[in-house]
Amino acid sequence: MQPLPQITLGQHSRAGPGGPNQDCHGAMLPAGHALAGKGIAMALADGISSSRVSQDASQTAVASFLSDYYATSEAWAVRRSAQCVISATNAWLHHQSQRSDARFDRDRGHVCTFSALILKGRMLHLLHVGDARLYRLHPQALEQLSNDHRVVLSPTESYLGRALGAAAQVEIDYHQWEATTGEVYLLASDGAYSHLDAPAVHAALSSTPDDLNGAAAALTALAQHRGSLDDATVVLLRIDALPAADARHPQLDRAGLALPPPLAPGQTFEGFTLVRELQHSARSQVFLARDDSSGSQVVIKVPGTELREDGAALDRFVLEEWVARRVDNPHVLKAWPCERPRQHLFVAMDYVQGQTLAQWMVDHPRPSLDTVRTLLTQLARGLQALHGREMLHRDLRPENLMIDRDETAKLIDLASVWVAGLSENAPRQPAEAPPGTLQYMAPELLLGQDGSAQSDLFSLAVLCYQMLSGQLPYGLACARVRSPRDMHTLRYVPLRHHRADLPPWLDAVLKKALSTEPARRQEAVSEFVHDLHAPGAPFHSMRSPPLVERNPVRFWQATTLLLTLLLLGMVGVQILRS
Amino acid sequence: MAYLAPTEFVTKMIDAGESKLLMSTRDTLIRSYMGGAILALAAAFAVTVTVNTGNPLAGAILFPVGFILLYLLGFDLLTGVFTIVPLAVIDKRAGATWRAALRNWALVFTGNFGGALTVAIFMSIIFTFGFAEAPNAVGQKLGHIGEGRTLGYQSHGAAGMLTLFVRAVMCNWMVSTGVVAAMMSTSVTGKTTAMWMPIALFFYMGFEHSIVNMFLFPTGLMLGGNFTLLDYFIWNELPTVAGNLVGGMLFVGLPLYYTHYRRTAKRKA
Chain A
489 MQPLPQITLG
499 QHSRAGPGGP
509 NQDCHGAMLP
519 AGHALAGKGI
529 AMALADGISS
539 SRVSQDASQT
549 AVASFLSDYY
559 ATSEAWAVRR
569 SAQCVISATN
579 AWLHHQSQRS
589 DARFDRDRGH
599 VCTFSALILK
609 GRMLHLLHVG
619 DARLYRLHPQ
629 ALEQLSNDHR
639 VVLSPTESYL
649 GRALGAAAQV
659 EIDYHQWEAT
669 TGEVYLLASD
679 GAYSHLDAPA
689 VHAALSSTPD
699 DLNGAAAALT
709 ALAQHRGSLD
719 DATVVLLRID
729 ALPAADARHP
739 QLDRAGLALP
749 PPLAPGQTFE
759 GFTLVRELQH
769 SARSQVFLAR
779 DDSSGSQVVI
789 KVPGTELRED
799 GAALDRFVLE
809 EWVARRVDNP
819 HVLKAWPCER
829 PRQHLFVAMD
839 YVQGQTLAQW
849 MVDHPRPSLD
859 TVRTLLTQLA
869 RGLQALHGRE
879 MLHRDLRPEN
889 LMIDRDETAK
899 LIDLASVWVA
909 GLSENAPRQP
919 AEAPPGTLQY
929 MAPELLLGQD
939 GSAQSDLFSL
949 AVLCYQMLSG
959 QLPYGLACAR
969 VRSPRDMHTL
979 RYVPLRHHRA
989 DLPPWLDAVL
999 KKALSTEPAR
1009 RQEAVSEFVH
1019 DLHAPGAPFH
1029 SMRSPPLVER
1039 NPVRFWQATT
1049 LLLTLLLLGM
1059 VGVQILRS
Chain B
64 MAYLAPTEFV
74 TKMIDAGESK
84 LLMSTRDTLI
94 RSYMGGAILA
104 LAAAFAVTVT
114 VNTGNPLAGA
124 ILFPVGFILL
134 YLLGFDLLTG
144 VFTIVPLAVI
154 DKRAGATWRA
164 ALRNWALVFT
174 GNFGGALTVA
184 IFMSIIFTFG
194 FAEAPNAVGQ
204 KLGHIGEGRT
214 LGYQSHGAAG
224 MLTLFVRAVM
234 CNWMVSTGVV
244 AAMMSTSVTG
254 KTTAMWMPIA
264 LFFYMGFEHS
274 IVNMFLFPTG
284 LMLGGNFTLL
294 DYFIWNELPT
304 VAGNLVGGML
314 FVGLPLYYTH
324 YRRTAKRKA
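Heads up: the protein sequence lines correspond to chains A and B, in order. Note that this note's numbering has the first sequence beginning at 489, numbered continuously upward. Note that this note's numbering has the second sequence beginning at 64, numbered continuously upward.
Just so you know, these hints were derived from the structure itself, not from any lab. Watch out, some of these pointers could steer you wrong.
[Unchecked claim] Quick list of simulated restraints, FRET-style, between CB atoms:
| no. | chain 1 | residue 1 | chain 2 | residue 2 | range |
| --- | --- | --- | --- | --- | --- |
| 1 | A | 1048 | B | 210 | 51 to 57 Å |
| 2 | B | 169 | A | 1048 | 26 to 32 Å |
| 3 | B | 169 | A | 855 | 30 to 36 Å |
| 4 | A | 1056 | B | 160 | 27 to 33 Å |
| 5 | A | 976 | B | 177 | 44 to 50 Å |
| 6 | B | 155 | A | 1052 | 28 to 34 Å |
[Stated by the list, open to error] Every beta carbon over 10 Å from chain A, so not counted as near; a handful from chain B, in silico:
| no. | residue |
| --- | --- |
| 7 | 66 |
| 8 | 67 |
| 9 | 124 |
| 10 | 169 |
| 11 | 196 |
| 12 | 229 |
| 13 | 233 |
| 14 | 260 |
Cβ atoms here follow ideal geometry from the backbone N, Cα and C, with glycine treated the same way.
Please work from the sequences and hints to get the whole structure.
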């Protein structure tokens, strides 16, 4: 099995009898990193015949897609990258139409259909606007995988329902599915597919099995021979090999890197001199080191004994630096900018002088709301930087957060980060054990559901609660959740039980962020931070909680006293009567 | 054979202790019930071997089989949680309080007792043909094991109580050393080898193990031992639990924690 997919591609376009070819097609077969990170992309655009500029539109759409798609972040999922690029192209095309006479007549503008097929890992992704078609070839038939965005008025009259450049916004169909080795896909414009069928495709493929370009050319010729008057374009894709279903992330390349030998302070290692050990556990060994060339301090992390035989864990280990290199934010730990070739598997990160949040909480047992808010806002910015790149931190806990000498809070442990762009090489595996720390983990993760930005928000809110009160909002009960039923038994302990000096609205904000159901939480980390600074009317209208909630002991004492007096009174009345 | 350095496995011990505190009530009960039952079965097996061969060493050498089995299956014993749970509390893990530790111990005690009692009843049925006949040789041996280890201590008064307590301390010192040693290795053979010796040692020396006793004594009572339920609790089970706690916590968990973990810097600081 290959670590990367292999395909054979054939494409051909033939202008119709009526003039210039308004179809455009293209494919990008990158090598190395780009292939691992972004996959193989094919695109087909078909201009509308009523417009004289639509060949410009289709060429622009294909060319800009194939170049810009590979310029998007590797952390992004295919869907987001492709949609971003296509939307930008759409906006540009639409703008071109608006600047010309076509603003009065859409049929003469920069308008085209657009379909892109991307193979990344084992997964195929289709992004589609318009009436080109993607087929999967079966022995007897062609299976259409795309929808035609064509509005049919009568057997002779129909028009394109959706197209690139037709409006300021475009709705893009998206499908993804797992490819199988040996499959053949056919992407064709309407001038081609309307005159082709499965036997024709099989015949073309069997006449030139090794030359798919020849087969594509034969098919376009056949379509026009059968009477097509439009431009005919055919893209044939055969899947020759796919990576194994359990293949590691090819992006996280650690081939050729040896596991480090046992290390001790004082030793030199890969151009660093180890100064002292910062942490040593079964999972990793962390050293403070000095870079011999620049003399600056750096943190070196090497895999611990337990990780050494676990390939998936080693991948996650490498992931930490991969993530740190792609997130540039003052509140996320940076990777060490080291370009030296490496012989060993290790992670080099910036050294942050300061203390962990865990230590900070010991030193500041009753911090003011303002102090906590300042730190939380910084951590939230770090989280937002991750979320914006379609990453989830998944392991927020006091030991993973540092506060440096300048009171800047940073996320330091990025080994559990989930990256959308890395997790889509293969269909979703059955949920593995969530990587976080149970006390801070959102309950939906404990039930094996997928995490979201709201799961990170939950952990952040737990931290906020713990910083202010030293306690956990649900005690240990939340960590013991095993079924949805357990989730309903969780009771939020109001923060004011621990600290009566905090404002009542704070409980409302935290309670919302700590809802057991993700949908009931704030929608994003930024909304939570905003609520902490400027609680909206709904939170303010919360009246001070009733006495029974604020001070249950006093309430029941008072009730008991009242009942006792009542009882005494009744007994007294009875005695007086008799 | 993969081997973890001491600092590495002490972190693992604390993590393991923390995870016990975070376990749901149901899981805690199931795992401790199964742990108690399998250990009881191993004890029944070891006594049978001893009676049939006439050699207590044979029984002691084979007894660890059951212990290793329950460890590898991830079941819990009171002696084990006595050792590792306090470490999570001392290390100030989030939410780890003595109250949570007591809850865990109470649940594990209940589960272990239930499991051991179930096996005690089943074995008594086997030894006596469903209480229809007098107990067989093994049954008689089990019936009288309990007498010496309750009334025997009682007859010595305070000195007896002290002996009982020290035997319980020694027991969990050995047993927990075995469990901790198992954490040093990452392979099944390594774990098995590491556990065998300390466990065989405690069984042969007749040290007092609270869960083994949860099987031996109820069986003894059912098979005609001359002591009462109250004798069993006051002159054996409760002091044994206390001794096991001291042995596991004071002689295994804390020394390792202070010598191998505390002196290392806590994290990137």
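Here is how each hint holds up against the structure:
Range check, residue 1048 of chain A to residue 210 of chain B: about 53 Å between beta-carbon atoms, so the 51 to 57 Å window is met. In this structure the hint that residue 169 of chain B and residue 1048 of chain A lie 26 to 32 Å apart at CB holds, the actual value being about 30 Å. For residue 169 of chain B and residue 855 of chain A, the Cβ-Cβ distance of about 35 Å falls inside the hinted range of 30 to 36 Å, so the restraint holds. Distance hint for residue 1056 of chain A and residue 160 of chain B: a CB-CB separation of about 42 Å, inconsistent with the stated range 27 to 33 Å.
The hinted range of 44 to 50 Å is not satisfied by residue 976 of chain A and residue 177 of chain B, whose Cβ atoms lie roughly 28 Å apart. Hint check: residue 155 of chain B to residue 1052 of chain A, Cβ distance near 44 Å, so the stated range 28 to 34 Å is violated. The Cβ of residue 66 of chain B sits about 7 Å from the closest Cβ of chain A, inside the 10 Å cut-off, so the non-interface label is violated. Against chain A, the non-interface label of residue 67 of chain B is violated: not every CB pair exceeds 10 Å, the least being about 5 Å.
Look at residue 124 of chain B: its CB is around 31 Å from the nearest CB on chain A, clear of 10 Å, so calling it non-interface holds up. Remark: the non-interface label on residue 169 of chain B is consistent with the geometry, its nearest Cβ contact in chain A lying 15 Å away (cut-off 10 Å). For residue 196 of chain B, the non-interface assignment is confirmed: its Cβ lies about 45 Å from the closest Cβ of chain A, beyond the 10 Å cut-off. With a cut of 10 Å on Cβ distances, residue 229 of chain B stays outside the contact zone with chain A, its closest approach being about 34 Å.
For residue 233 of chain B, the non-interface assignment is confirmed: its Cβ lies about 29 Å from the closest Cβ of chain A, beyond the 10 Å cut-off. Residue 260 of chain B, annotated as away from the interface, keeps every beta carbon of chain A farther than 10 Å; the closest lies near 23 Å.
Violation of the numbered hints given earlier is confined to hints 4, 5, 6, 7, 8; the remaining hints are satisfied by the structure.
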